[in-house]
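Asks: Okay, here's what each chain looks like letter by letter:
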Amino acid sequence: MLLSGSEIVMECLLREGVDVMFGYPGGAILPTYDAMTKYPQIHHVLVRHEQGASHMADGYARATGKVGVCIATSGPGATNLVTGLATAMMDSVPVVAITGQVPRPAIGTDAFQETDVTGVTLPVTKHNYLVSDIHELAYTIKEAFHVARSGRQGPVLIDIPKDIQNEKIDFVYPEYDVVLPGYQPNLVADAEDVAAACRLINEAERPLILAGHGILMSGATTQLRELAERGQIPVTLTLLGKGGLPEDHPLSLGMMGMHGTATSNNAIQNADLLIALGMRFDDRVTGNLKTYAPNAKKIHVDIDPSELNKNVKVDVGIAGDLRTVIDQLLPGVEAGAHQAWMGQIREWQEDCDERDILKTYNGEGMLAAQVINDLWHHTGGEALTVTDVGQHQMIEAQYYPHRRPSTMLTSGGLGTMGFGFPAAIGAKFGKPEEEVWAIVGDGGFQMTMCELATAVQERINVNIAIINNGFLGMVRQWQEMFYEERYHATPMVSPDFCKLAEAFGIPAMRVTNREQVAESVEFARSVDGPVLIEYVVQKEDIVYPMVPTGADLDKMIRRPKPGEVQTV
Amino acid sequence: MSENKQTVVALVENKPGVLNRVASLFRRRNYNVDSLTVGRTHKAHVSRMTIVIDVERNDVRQIVENLKKLVNVIDVKYLSNEPHISRDLALVKVRTENADAYNHVTEVCERYPARIVDMGHEVTIVEVTASSAVVETVIDQLRPIGIVEMVRTGVVAMGRGTRIQDTQYEPVNVRGDQSNGSNGVLI
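Top line first, the protein sequences correspond to chains D and U.
Taking this note's numbering, the leading residue of the first sequence gets 1, the next gets one more, and so forth.
Taking this note's numbering, the leading residue of the second sequence gets 1, the next gets one more, and so forth.
Excised from the complex, chain U in its bound form:
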């Protein structure tokens, strides 16, 4: 990954419209997003976003502070600063009508963390899961054979070891019933 790609991880409330708020922030502040992935966590009310941004290291603080200002954002961490694992996944469909092409694909799969997940008479789908840099390399290796279709998930990342990014936050029970409604008053 180049010097100017910074990885930020945000824990957000799992509510409608939150992705829109984050995307809107990046657009109106004119930040250049390389990839943004979002998915659930082990807690139903918390989603996690991994955002790779094309900015100078010095400008990341501004972005982090602006993300924190969004009411639905629970916690933001600048991950490029610390040891972390990052993974990108690509599905690459290549033309493998002749044996040479097919052999080239199997060779790539032996050498890199890639595997064949679908095979037909004309085309083969290769899945590669690795850091973005390795994914780029695999794509470059497959390019000469003839890529006909490709998709990438964008980067997901996590701090190594005991660097745990989690939240103790539990959402308020708005129905105000037994579970925490005891301090509500009937009128």
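For reference, chain D alone in the conformation it holds in the complex:
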């Protein structure tokens, strides 16, 4: 069958199971947009800025585990995708980006809207392609999806010159398997390493599991739970690992790291064995590497061999898919008890409870922690939340415990402000049955709020919770703690968010006291389509605990107990 390059693109997307793509048209991608009219099975979402398209594809992928697809034109269209690709790269999210390129004869001539897109995106993609021959097109798309969703997943970009989109060939779909020499996405642990790991686990008196994004990516939540319960090993989660073990599980210690629970960080520093599963010892979770977990032997399992011994030297390093590796480990793990260790952990937890702001605060105005914990309460803890980046993100991690995997989506590695709202739109497309809440700050929301129009055009049912404190809160917190309270460029004037929503035709509500939070959730649920709630919170709140950059992990700045005076 004689098909144009554009039609081949659409045929290939259909075969990859794509049902929605997020994008923005332009000259160099127009042939493909024209071909879309023949393929109504694939819904195209018109965004308002290509960055939004890349975050939506990312949110879709994180929520579903499927590959998210975004599409843009050459030059500025493609460069606008870069932040979203870098976000997906850092968090290993499978995204395929398709960009139009100027026609082949024009490449290298500084043609209108020409950018070396494969060059620009090289360091922020797992791999990328510039298609130079229409005969390569179908196979390239097939390979791109394979690369995006295998091994350590990640974003892949395909740059397609306009003349290839227009060219026609007798199309044969490459049914044969993708052959990539040297690419070994699915490694299996060897028996010796498994035995060594089991020996360490069975001998440990104070073991601790550090579970990360890999648990979710490989679908190993059941295995993780079985491992923890059998060995009676407490579990601390990374930010992206949230939902890997239900946070109301008695063995769950909550999040680790800079704003993790004091219990988790104390446990890491006092453990005699760390079992790190699908996490990468990022500086935000280790603090000072020289003093990190000084008494612990370390087992590290990750699908990416280059992560082993990268930041933290380990005793047993296993490269492999977690679901397979934990299944390999389980038969060798003996039932454990660790009563003294769990007793110590309960003591730390009681100390945390005493300091909990929810129990000690009696000041004026709502706190973000109260709002987010109330949202948790009124949504039954079952919402799919997507956060932006900053204080509200850390508070979400602390005060909205999640029970299910992939119900808390956030930009962890890159820390991309502006991610939350568009990613929530993408997540809702992937999981229409979920109650999706974008929990964002007043700063980050304004970076991508143009997507309000997208939400309206698509009538997408996303609830937007703006935690408005009138500051770039996390930066303000650093200025307060480390820059002698010089609040430069952090006080922020914002529009009247409710009136703004009104201008887009979006119902909105402003909440200024805690009694209204329940009502706001009811209101959000009553609206079919996007809805915006602005929560006006205390302006100068601080996220505790905090491990200052480079400090030892257990040298946290704690929230004072009632009656105690803060010493920073």
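Keep in mind that the hints were calculated from the coordinates and are not lab data.
Where a beta carbon is used, it is the ideal one built from N, C-alpha and C, also for glycine.
Among these hints, one or two may not hold up.
Computed spacing ranges between beta-carbons, pair by pair [stated by the list, open to error]: (1) T64(D) - K5(U): 42 to 52 Å; (2) P83(U) - A191(D): 27 to 37 Å; (3) L19(U) - T64(D): 28 to 38 Å.
Derived DSBU-like pairs: lysine-lysine, alpha-carbon spacing no greater than 35 Å straight-line [unchecked claim]: (4) K290(D) - K15(U); (5) K168(D) - K43(U); (6) K77(U) - K142(D); (7) K68(U) - K290(D); (8) K168(D) - K15(U); (9) K142(D) - K69(U); (10) K290(D) - K310(D); (11) K15(U) - K142(D); (12) K297(D) - K69(U); (13) K310(D) - K93(U); (14) K142(D) - K43(U); (15) K310(D) - K68(U); (16) K69(U) - K290(D); (17) K77(U) - K313(D); (18) K297(D) - K68(U); (19) K431(D) - K77(U); (20) K66(D) - K15(U); (21) K68(U) - K66(D); (22) K310(D) - K5(U); (23) K313(D) - K5(U); (24) K310(D) - K15(U); (25) K290(D) - K77(U); (26) K68(U) - K313(D).
Start from chain D and add chain U according to the hints.
Replies: Frame of chain D, contents of chain U only:
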């Protein structure tokens, strides 16, 4: 060669942009490349890179694993670990206006694996092909005469004996015609 120079050999797909991907990896991971040479092999679709890196022995594994992550990289071997032959080539142009200088050059060429490849009234070009250490020595020997121009290829290396680094990989025929298109379907 000093203790911290490690030799890694990578077989890569002979495709546009592959050198850029490797170079970009070394730059963004902050690895210090001493030399990187790339050339064809006996297979048209496979190129071979010899990379000499200035790192501690312990850090080589990270580099090898990161190289392996590049989709176009077929196979990577850390060669410093095993007996191997390595060769570097230099062309050194020296001033040989007087007989003393010329005699010095011929003496160096007799003593080392070096030879004169071009001779004029004023200058002579010496070619030396040897291990990097010997190339360094020859350059040091020629330096007093007055080097006016110099070029080096960087190191190429190969494992000794039956340590063979090769690949059975054959590229997919993307045109999907007779040779392997039988399992493609016309639509």
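Asks: So which of those numbered hints doesn't the model satisfy?
Replies: 4, 13, 19
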